[in-house]
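J.: Protein chains in written order, with the working numbering: chain A, 134 to 311; chain B, 243 to 377.
FYI, nobody ran anything at the bench for these hints, they're computed from the structure. Nothing here was measured: the structure is a model prediction, and the numbers come from that model. Treat the hints with care, as some may be off.
Stated by the list, open to error - Just a sample of chain B residues kept apart from chain A, beta carbon distances all over 10 Å, derived:
| # | residue |
| --- | --- |
| 1 | Gly-285 |
| 2 | Gly-295 |
| 3 | His-364 |
Claimed, not checked - Lysine to any residue pairs mimicking SDA-like chemistry, simulated, CA-CA at most 25 Å apart:
| # | chain 1 | residue 1 | chain 2 | residue 2 |
| --- | --- | --- | --- | --- |
| 4 | A | Lys-216 | B | Arg-333 |
| 5 | A | Lys-216 | B | Asp-334 |
| 6 | A | Lys-172 | A | Leu-183 |
| 7 | A | Lys-216 | B | Gly-368 |
| 8 | A | Lys-216 | B | Arg-366 |
| 9 | A | Lys-216 | A | Ala-202 |
| 10 | B | Lys-312 | A | Ala-243 |
| 11 | B | Lys-335 | A | Leu-187 |
| 12 | B | Lys-335 | A | Asp-239 |
| 13 | B | Lys-312 | B | Glu-296 |
| 14 | A | Lys-172 | A | Arg-244 |
| 15 | A | Lys-172 | A | Leu-187 |
A virtual CB, placed ideally from N, CA and C, is assigned to each residue, including glycine.
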Amino acid sequence: MSSRRPASRAATPVPVPAEVPTETATVTPSENGAPSAVKNSVVLGPNDRLVGQLYIEGDLRVSGTVDGAIEATGDIEVAGGGKVSGEITAYNRLIVGSGASLIGGDVRIARLTVQDGATFSGRVSMGKHEAAVPAQPPPVTQAVAETAAAEPVAAQPVADDMSTPRASTGWTKRKKGR
Amino acid sequence: MDVQEAVAEGAASAENGEVKRDGKKQFSMGPGDILEGKLIYDGSVHADGRVEGEVRVSGSIDVASGATVKALLEGSNVTVKGQVEGMVTARDKLTLGRNARLSGDIQVRRLQIDDGATLNGHVRMGDFEQQASGQ
C-alpha cells in the first residue's frame, strides 16, 4: 500500500538533489504560508484545545486553548484569541499576538515579541536555554566507572551506549587513587 | 538625603533638562550624564548615560538606547531602548524596543515587546495590589 516512499528513498544514487524525503512534507500538505517546504508546522485552531504536553519539531501556531507544557524547535505563535497556560519553550521565537494570552510558568525562548494588548506573564529567560541540560553527565559516567571497576568483564554487555570509551580510562583511575 | 543629592546632580546637568511639555515637567539627561541615588519626580524622565539607584515618577520614563540603568524604575509608561537591570513597574504600559536589554522582574498593566529585545525576569501583569512601595 504505502510502500512507495521507502522505494524512492532507497533510490538515493539518482543525482537529482531536488527533494529530500522528509516526513514533514506529509504532515503539512495544506500549509500555504510555509516558504521552505522543509519546515514542519502545527496549527491549533480557535476551537482546538490541548491539555498536557506537546513537543513539536518545527513551528507551532495556537489560536485555541493550551493547558500544559509546550516545546517547539522553531517558533511558537499565540495568535488571535489563543490562550496558553503553562511552560513554554521555543528554540527560536515566541510571538504573542494582541488578543492572545499567555500565562506561563517558565518561558524559555531565544527571541520574543509581545504585541500591545496581549496578556503575558511568567518567568522569562532568553538566550542559551540548552546550557542547563548537559550539567548531568559526570555522575552517570562515574556510576559506569564504578561498575566497570567492580566487575570489568561483566560491565561491557550492560547498556552503556555512548559513554564506554570515556569512562573506561580516566574515571577508573581516579576512583582507585582515592 | 539621597533625594537631595539626586536632584542636585540633576539640576547641575539640567541645562538641557527641565523641558516643559504641555505644562508637564520633563527631566532630561544626556548621554554623558550620571544619576546616582533616588529620584522622585513629578513629571517625566528621559534617562540617558548612567543611572543607578531608584527612579519613581508620576509621568513616563524612557531609557535611551545608549543608556545603562541599574535601578528600580517606576512610572506610568516606561519605554526601554537601552540596558536596564532592576525591577521595573509600569502603572500603564511597558515597551521594550528592539535593542532593549532588560533583566529584572517587571510589573505592568500592558506590555509590548519588539522583536530583538532581550528580557530576563519575572513578568506580572494586572493589578497593583501589593506594590513594592515599601519606601
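J.: Regarding the pair Lys-216 of chain A and Arg-366 of chain B, is the alpha-carbon distance no greater than 25 Å?
T.: holds, 16 Å
J.: Could you grab the alpha-carbon distance between Lys-172 of chain A and Arg-244 of chain A and see if it respects the 25 Å cut-off?
T.: Distance ~18 Å between Lys-172 of chain A and Arg-244 of chain A Cα, so the pair holds.
J.: Is the Cβ of Gly-295 of chain B more than 10 Å away from each Cβ in chain A?
T.: Consistent with the label, Gly-295 of chain B stays out of reach of chain A, its closest Cβ about 24 Å off (over 10 Å).
J.: Below or equal to 25 Å on CA atoms is what counts here, so check Lys-312 of chain B against Glu-296 of chain B.
T.: holds, 8 Å
J.: Would His-364 of chain B pass as off the interface with chain A, using Cβ distances and a cut of 10 Å?
T.: violated, 5 Å
J.: Are the Cα positions of Lys-216 of chain A and Ala-202 of chain A separated by 25 Å at most?
T.: Roughly 13 Å between the alpha carbons, so the hint for Lys-216 of chain A and Ala-202 of chain A holds.
J.: If you draw a straight line from the CA of Lys-335 of chain B to the CA of Asp-239 of chain A, is it 25 Å or shorter?
T.: Given pair Lys-335 of chain B, Asp-239 of chain A holds - Cα atoms ~22 Å apart, limit 25 Å.
J.: Does Lys-216 of chain A pair with Asp-334 of chain B here, judged by a C-alpha cut-off of 25 Å?
T.: Holds. Lys-216 of chain A to Asp-334 of chain B sits at ~22 Å (cutoff 25 Å).
J.: Beyond 10 Å on every Cβ pair: is that true for Gly-285 of chain B relative to chain A?
T.: Nearest chain A Cβ is 24 Å from Gly-285 of chain B, so the label holds.
J.: With the threshold set at 25 Å, check whether the alpha-carbon distance from Lys-335 of chain B to Leu-187 of chain A stays at or below it.
T.: Violated: Lys-335 of chain B and Leu-187 of chain A sit about 32 Å apart, past 25 Å.
J.: Verify the proposed pairing of Lys-312 of chain B with Ala-243 of chain A, using a straight-line Cα cut of 25 Å.
T.: holds, 23 Å
J.: Are the Cα atoms of Lys-172 of chain A and Leu-183 of chain A separated by 25 Å or less?
T.: Within the cut-off at roughly 22 Å; holds.
Violation of the numbered hints given earlier is confined to hints 3, 11; the remaining hints are satisfied by the structure.
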